[in-house]
Amino acid sequence: MCSERVKLYGAWASPFSRRVEIALNLKGIPYDYIEEDLRNKSPDLLRYNPVHKKVPVLVHNDRPIVESQVILEYVDETWPSHSIIPQDPHDRAMARFWAKFIDDKCVISICTALFWSRGEEQRKAFEEAKENLEFLEKELEGKKFFGGERFGFVDIVANVIAIWVAAFQEATGKEVLTEKKYPCLFKWAQEYTSCNIILKETSPPRDRLVAFYKAHVEAADASD
Amino acid sequence: MAEKGEVKLLGAWPSPFVMRPRIALNLKSIEYDFIEETMQPKSDLLLKSNPVYKKIPVLLHHDKPICESLIIVQYIDEVWSSGPSILPSDPYDRAIQRFWAAYIDDKWFPSLSGIAKAQGEEAKAAAIEQVREGLALLEEAFGKCSQGKDFFGGENIGYLDIALGCYLGWLRVSEKMNSVKLLDEAKTPGLTAWADKFCAHDAVKGVMPETDKLMEFAKIIMARFQAAAAAATPAK
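Taken in order, these protein sequences are the chains called Z and W.
My numbering puts the first residue of the first sequence at 1, with every later residue one more than the last.
My numbering puts the first residue of the second sequence at 1, with every later residue one more than the last.
Bear in mind the hints are in silico, worked out from the structure with no lab data behind them.
Keep in mind that a hint or two might mislead.
With the C-beta cut set under 10 Å, the calculated list includes, among others, these residues of chain W facing chain Z [unchecked claim]:
hint : residue
1    : Pro51
2    : His61
3    : Glu68
4    : Glu78
5    : Ser81
6    : Pro91
7    : Asp106
The following residues of chain Z were derived to be distant from chain W, with all beta-carbon distances above 10 Å [said to hold, decoys possible]:
hint : residue
8    : Lys7
9    : Glu35
10   : Thr172
11   : Glu191
C-beta atoms are modelled at their ideal positions from N, C-alpha and C, and glycine is treated no differently.
Work out the full structure: start from the sequences and follow the hints.
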């Protein structure tokens, strides 16, 4: 078992770095955590991730791995106990598909609707966000987790839906993920931090997260 | 291997994304039915098989759809595991290839498309420069991954070769249409040599469209795009 010299460069408010914390904790892998100030990135971060200059960065035996989903697959392959990604090739393909959908489409449409757009563009963004959430709702129907009976890869990647979307909504005063429209997704999100102590421990404090995004909204409004 | 009708691929000849699973299936010597999608309008089969994106490629294996080109390539690698490996076996090497494949799709290819979309000489020059910067990074990655061999995958074509190589047709179109060299023996010698070997590979040459044919197709697309933009612009 190669559990020495694991370092994680992350940021408390980043859902991407929190994903890696979830995976490492679920597998019981000891690691050093380094909190990055993203307004003042450390020389180490810039050295380990020169292409994107972002968190998370996992450093294992002095070799950096970047991009949260790439890191999750690496962690699962290196420490196979308590597996995150399904074994069956079709199930693996579906897990990768939904994880990619969440990051490439879902999150972007939600952020565009809640933060980044106004007027007609915002109306369209809301429509797109709703459509995307409907796909997730349908995928979750009849299941305890996206991974079926077990919390898995898609559930980890969907941390942003479970925790951050609620904070975005409170910070902006706008809603997109409602219990009425998406009962399965809403219930899954509500129970997210209570279904496993590790999820509770690796989640940022709700008030702090809301305050963080409220500050962003105020700064953006001030510069309009 | 695969029974008749077991494997189908919905696609279209000009699409670099469709090329990816085709190369993967060829590497594994898997026979498949290629169903050419006209895309205008999209077929019922496509809409039913890929309701989320409504895009090609879609692999149908025993009629179960798999979508997203690189996810399909990984699926092919895992299902037909007795054939030549597409992804390396070491987790770190796999992570490096996945990283660069994501970079190519998320950053580099949009910069290549950016050349065609650029308005005016200055914007075009800036777009070209961005593509070249990306290629410089990929040249370095090629050096590390290939370790002196012909491909990112080493002796044989692998995941990252497929991820980048599928765009070579469109890269050549961009070079011709803008009279520029993007791949350059002086600046990107590794990638320049790699590009020729990739295109000549048995698994690739039957599915890589000819540059001239792609160029004709590109002109039709651009004409449609410009007509739509003109129609959307209010009359003065």
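These are the hints, each one checked on the structure:
1. For Pro51 of chain W, the suggested interface contact is upheld, since its CB lies about 8 Å from the closest CB of chain Z, less than 10 Å.
2. A hinted interface residue such as His61 of chain W counts as satisfied when its beta carbon comes closer than 10 Å to some beta carbon of chain Z; here the least separation is about 8 Å, so the hint holds.
3. For the restraint placing Glu68 of chain W at the interface with chain Z, the shortest Cβ-Cβ distance is roughly 6 Å, inside the 10 Å limit, so the hint holds.
4. Nearest Cβ of chain Z to the Cβ of Glu78 of chain W: about 4 Å, under the 10 Å cut. The hint holds.
5. The closest approach between the C-beta of Ser81 of chain W and any C-beta of chain Z is roughly 9 Å, which is under the 10 Å cut-off, so the hint is satisfied.
6. The criterion of a C-beta within 10 Å of any C-beta in chain Z is met by Pro91 of chain W, whose closest approach is roughly 4 Å, and the hint holds.
7. For the restraint placing Asp106 of chain W at the interface with chain Z, the shortest Cβ-Cβ distance is roughly 9 Å, inside the 10 Å limit, so the hint holds.
8. Under the 10 Å C-beta cut-off, the non-interface status given to Lys7 of chain Z relative to chain W holds; the minimum distance is some 15 Å.
9. In this structure Glu35 of chain Z is separated from chain W by more than 10 Å, as the shortest Cβ-Cβ distance comes to about 23 Å.
10. With a cut of 10 Å on Cβ distances, Thr172 of chain Z stays outside the contact zone with chain W, its closest approach being about 26 Å.
11. Non-interface call for Glu191 of chain Z relative to chain W: holds, since the shortest CB-CB distance, roughly 25 Å, exceeds 10 Å.
Checked against the numbered hints above, the structure breaks none of them.
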